[in-house]
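Colleague: Chains as they are written, first to last, in the working numbering: chain X, 1 to 112; chain F, 1001 to 1114.
No lab work stands behind these hints: they were computed from the structure. Remember, it's a predicted structure, so these values are computed and weren't measured experimentally. Beta carbons: idealized from backbone N, C-alpha and C, even for Gly. Each hint should be verified, as a subset may be incorrect.
[As the list claims (entries may be wrong)] Simulated DEER-style distance windows between Cβ atoms: (1) P1061(F) <-> Q2(X): 30 to 38 Å; (2) T1102(F) <-> Q2(X): 20 to 28 Å; (3) L1027(F) <-> E15(X): 30 to 38 Å; (4) A41(X) <-> D1101(F): 23 to 31 Å; (5) S51(X) <-> F1015(F): 43 to 51 Å; (6) N57(X) <-> F1015(F): 14 to 22 Å.
[Claimed, not checked] Which stretches of chain F does chain X cover? Using the computed rule of at least three CB atoms under 8 Å from a CB of chain X, they are: (7) 1041 to 1053; (8) 1076 to 1082; (9) 1104 to 1110.
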Amino acid sequence: DQQVKQNSPSLSVQEGRISILNCDYTNSMFDYFLWYKKYPAEGPTFLISISSIKDKNEDGRFTVFLNKSAKHLSLHIVPSQPGDSAVYFCAASGSGTYKYIFGTGTRLKVLA
Amino acid sequence: DAMVIQNPRYQVTQFGKPVTLSCSQTLNHNVMYWYQQKSSQAPKLLFHYYDKDFNNEADTPDNFQSRRPNTSFCFLDIRSPGLGDAAMYLCATSREARTTDTQYFGPGTRLTVL
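Go ahead and model the full structure; you've got the sequences and the hints to work with.
Modeller: In structure tokens form, the structure reads like this:
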């Protein structure tokens, strides 16, 4: 049973526009959420995180929104750049554990 | 630069032939993790070490073992690889075992089983 779901395997966006990547979770005990970015032939790198006590966290062009009632989080990238083209993984933690549960990833392609 | 290093980057083994994957870190982190990621799937935690304490996931097959001889190194041993064990193996570290302690990943080792 997949507790963290990224239902869009891929997304294409024009350079300069907004990219929105979505993630849903089923375990209401999760209280910490992260986004990782992965380039080909590299390991995932931490991008941004959010605690369940917040509904928004912003870092430069990247903003993560958390909707606890809907068990949904999203990553907004504004403006999108070709260098943002990568696979983005959503992860969740909590429920009495520090371990991460990952989603299957969304491949973002930013078109120049 | 402090980092997580995995060797080799690509490993080919034969069905049933034991194989060892290596991970080292210069971050001096207490926790080291091993994940398995199959194509188009989420990374799946196999086990982790907090210092010398080994923590196995309940659904990790017995075929997978790990060793951590010191803070810097951690090894993944696959005793008898099957075709289903072909995957990317990711090593990660974190300073402590807390939810808010970011995990830092190595580049991974892609294992092929012939």
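Colleague: Now tell me if each hint is right for this structure.
Modeller: Hint-by-hint comparison with the structure:
no.: 1; hint: P1061(F) <-> Q2(X): 30 to 38 Å; in the structure: 20 Å, violated
no.: 2; hint: T1102(F) <-> Q2(X): 20 to 28 Å; in the structure: 23 Å, holds
no.: 3; hint: L1027(F) <-> E15(X): 30 to 38 Å; in the structure: 34 Å, holds
no.: 4; hint: A41(X) <-> D1101(F): 23 to 31 Å; in the structure: 26 Å, holds
no.: 5; hint: S51(X) <-> F1015(F): 43 to 51 Å; in the structure: 45 Å, holds
no.: 6; hint: N57(X) <-> F1015(F): 14 to 22 Å; in the structure: 46 Å, violated
no.: 7; hint: 1041 to 1053; in the structure: holds (count 6)
no.: 8; hint: 1076 to 1082; in the structure: violated (count 0)
no.: 9; hint: 1104 to 1110; in the structure: holds (count 5)
Violation of the numbered hints given earlier is confined to hints 1, 6, 8; the remaining hints are satisfied by the structure.
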